[in-house]
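> Use the sequences and the hints to build the structure in full.
Just so you know, the sequences run in chain order A and B.
To convert, note that position 55 of the first sequence is 55 in this note's numbering; the numbers rise steadily by one, no gaps.
To convert, note that position 64 of the second sequence is 64 in this note's numbering; the numbers rise steadily by one, no gaps.
Just so you know, the hints here were simulated from the structure itself, not pulled from any lab data.
This structure is a prediction, so every number in the text was calculated from the model and none was measured.
Be a bit skeptical, because a hint or two may be false.
[Stated by the list, open to error] Taking lysine-lysine pairs in the BS3-like style, the calculated list, with each CA pair at most 30 Å apart, reads: (1) B:K42 - A:K83; (2) A:K70 - A:K9; (3) A:K83 - B:K2; (4) A:K83 - A:K14; (5) B:K56 - B:K100; (6) A:K9 - B:K100; (7) B:K2 - B:K100; (8) A:K14 - A:K57; (9) A:K71 - A:K9; (10) B:K42 - A:K57; (11) A:K57 - B:K70; (12) A:K71 - B:K2; (13) B:K56 - B:K67; (14) A:K71 - B:K42; (15) A:K83 - B:K100; (16) B:K56 - B:K70; (17) A:K70 - A:K57; (18) B:K2 - A:K57; (19) B:K56 - B:K2; (20) A:K14 - B:K42; (21) A:K83 - A:K9; (22) B:K100 - A:K57; (23) A:K70 - B:K42; (24) A:K57 - A:K83; (25) A:K70 - B:K100; (26) B:K70 - B:K2; (27) B:K42 - A:K9; (28) A:K57 - A:K9; (29) B:K42 - B:K56; (30) B:K70 - B:K100; (31) B:K42 - B:K100; (32) B:K2 - B:K42; (33) A:K71 - A:K57; (34) B:K67 - B:K2; (35) B:K100 - B:K67.
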Amino acid sequence: DGGITQSPKYLFRKEGQNVTLSCEQNLNHDAMYWYRQDPGQGLRLIYYSQIVNDFQKGDIAEGYSVSREKKESFPLTVTSAQKNPTAFYLCASSIRGPYNEQFFGPGTRLTVL
Amino acid sequence: QKEVEQDPGPLSVPEGAIVSLNCTYSNSAFQYFMWYRQYSRKGPELLMYTYSSGNKEDGRFTAQVDKSSKYISLFIRDSQPSDSATYLCAMSDSGGSNYKLTFGKGTLLTVNP
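Right under this line is the structure:
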């Protein structure tokens, strides 16, 4: 089955720790995205990548980092610099181009204790 | 003024009702318009996609785009309890090289049996 997987589904972190969220896709998509979703805030773009070894900051990149070493993988690290990391994190992928229907993964819910 | 405005609801209707969900936007460069459905604690899934102005119908769902008014709508006919979800509008332009989607904050819909 083609799709996007995210792991873990639930993640708990102590303050001051970095954590890495996994995102893998087997849709052969060039573009991948990370969003954060908070109640009442909708989806906010953290980082996106249109091609391997290249990525750009989205609207709320502070306190986050990414890498794109492989086409299938786009991990997100939530660093200790992120002041309010508790949220639902969604990864998506799409073909490149203006018609970029984005396919979403199931999400990771991160809670900082 | 935010780029995309969407009434967050919540919207509660009886089973069988016609539901109208709407978004307004300010960026006249937007050409591609999408509606996503998101069940609680799941990733969004694409419902409808339209390019430029006009209507598109798929079963019980109809998407309308009025670019002159910068207004898009999603109509759900004969609504079912299984339609209970958050509905997100999203849009992108055809220029530039980033092809980002801009999302509304989502409208929470409950269809009561």
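> Each hint: holds or not?
Comparing the hints with the structure gives:
1. With a C-alpha separation of about 25 Å, the suggested pairing of K42 of chain B with K83 of chain A holds against the 30 Å cut-off.
2. Taking the CA atoms of K70 of chain A and K9 of chain A, the gap is about 22 Å. The hint holds against a cut of 30 Å.
3. Restraint check for K83 of chain A and K2 of chain B: satisfied, since their Cα atoms lie roughly 24 Å apart, inside the 30 Å limit.
4. For the proposed pair K83 of chain A and K14 of chain A, the alpha carbon gap of about 12 Å is at most 30 Å, so the pair holds.
5. Among the hinted pairs, K56 of chain B with K100 of chain B is consistent with the structure: their alpha-carbon atoms are about 23 Å apart, no more than 30 Å.
6. For the hint pairing K9 of chain A with K100 of chain B, the CA-to-CA distance comes to about 25 Å; that is within 30 Å, so the pair holds.
7. The straight-line distance between the Cα atoms of K2 of chain B and K100 of chain B is roughly 16 Å, inside the 30 Å bound, and the hint therefore holds.
8. For the suggested pair K14 of chain A and K57 of chain A, the alpha carbons sit about 25 Å apart, so the restraint of at most 30 Å is met.
9. Restraint check for K71 of chain A and K9 of chain A: the C-alpha separation of about 22 Å stays at or below 30 Å, so the hint holds.
10. Note on K42 of chain B and K57 of chain A: the hinted pairing holds, with a Cα-Cα distance of about 24 Å set against a maximum of 30 Å.
11. Between K57 of chain A and K70 of chain B the CA atoms are separated by roughly 27 Å; this keeps the pair inside 30 Å, and the hint holds.
12. As the CA atoms of K71 of chain A and K2 of chain B are separated by approximately 33 Å, the hinted pair breaks the 30 Å bound.
13. Note on K56 of chain B and K67 of chain B: the hinted pairing holds, with a Cα-Cα distance of about 14 Å set against a maximum of 30 Å.
14. Under the criterion of a C-alpha separation no larger than 30 Å, the hint pairing K71 of chain A with K42 of chain B is consistent with the structure, at around 24 Å.
15. For the proposed pair K83 of chain A and K100 of chain B, the alpha carbon gap of about 25 Å is at most 30 Å, so the pair holds.
16. Distance hint between K56 of chain B and K70 of chain B is fulfilled; the C-alpha atoms sit about 17 Å from each other, no more than 30 Å.
17. Straight-line distance between C-alpha atoms of K70 of chain A and K57 of chain A comes to about 18 Å, which keeps the hinted pair within the 30 Å bound.
18. The hinted pair formed by K2 of chain B and K57 of chain A meets the criterion: a straight-line CA distance of about 19 Å does not exceed 30 Å.
19. Restraint check: the Cα-Cα separation between K56 of chain B and K2 of chain B comes to about 26 Å, which is no more than 30 Å; the hinted pair holds.
20. For the suggested pair K14 of chain A and K42 of chain B, the alpha carbons sit about 24 Å apart, so the restraint of at most 30 Å is met.
21. Between K83 of chain A and K9 of chain A, the direct Cα distance comes to roughly 21 Å. Compliance with the 30 Å bound is thereby established for this hinted pair.
22. Between K100 of chain B and K57 of chain A the alpha-carbon distance is near 11 Å, which keeps this suggested pair within the 30 Å criterion.
23. A hinted pair counts as satisfied when its Cα atoms are at most 30 Å apart, and K70 of chain A with K42 of chain B qualifies at roughly 25 Å.
24. For the given pair, K57 of chain A sits about 17 Å from K83 of chain A by alpha-carbon distance, which is consistent with the 30 Å threshold.
25. Restraint check: the Cα-Cα separation between K70 of chain A and K100 of chain B comes to about 21 Å, which is no more than 30 Å; the hinted pair holds.
26. For the hint pairing K70 of chain B with K2 of chain B, the CA-to-CA distance comes to about 13 Å; that is within 30 Å, so the pair holds.
27. Between K42 of chain B and K9 of chain A, the direct Cα distance comes to roughly 10 Å. Compliance with the 30 Å bound is thereby established for this hinted pair.
28. Simply put, K57 of chain A and K9 of chain A have alpha-carbon atoms about 24 Å apart, close enough for the 30 Å limit, and the pair holds.
29. Of the pairs offered as hints, the one joining K42 of chain B and K56 of chain B holds, with about 26 Å between alpha carbons and a cut-off of 30 Å not exceeded.
30. Of the supplied pair hints, the one linking K70 of chain B and K100 of chain B holds, its CA atoms being roughly 18 Å apart against a limit of 30 Å.
31. Between K42 of chain B and K100 of chain B, the direct Cα distance comes to roughly 21 Å. Compliance with the 30 Å bound is thereby established for this hinted pair.
32. Restraint check for K2 of chain B and K42 of chain B: satisfied, since their Cα atoms lie roughly 26 Å apart, inside the 30 Å limit.
33. With a C-alpha separation of about 18 Å, the suggested pair K71 of chain A and K57 of chain A falls inside the 30 Å cut-off, and the hint holds.
34. Proposed proximity of K67 of chain B and K2 of chain B is supported: the alpha carbons are some 17 Å apart, at most 30 Å.
35. Note on K100 of chain B and K67 of chain B: the hinted pairing holds, with a Cα-Cα distance of about 19 Å set against a maximum of 30 Å.
Violated hints amount to a single one, hint 12; each of the other numbered hints is respected by the structure.
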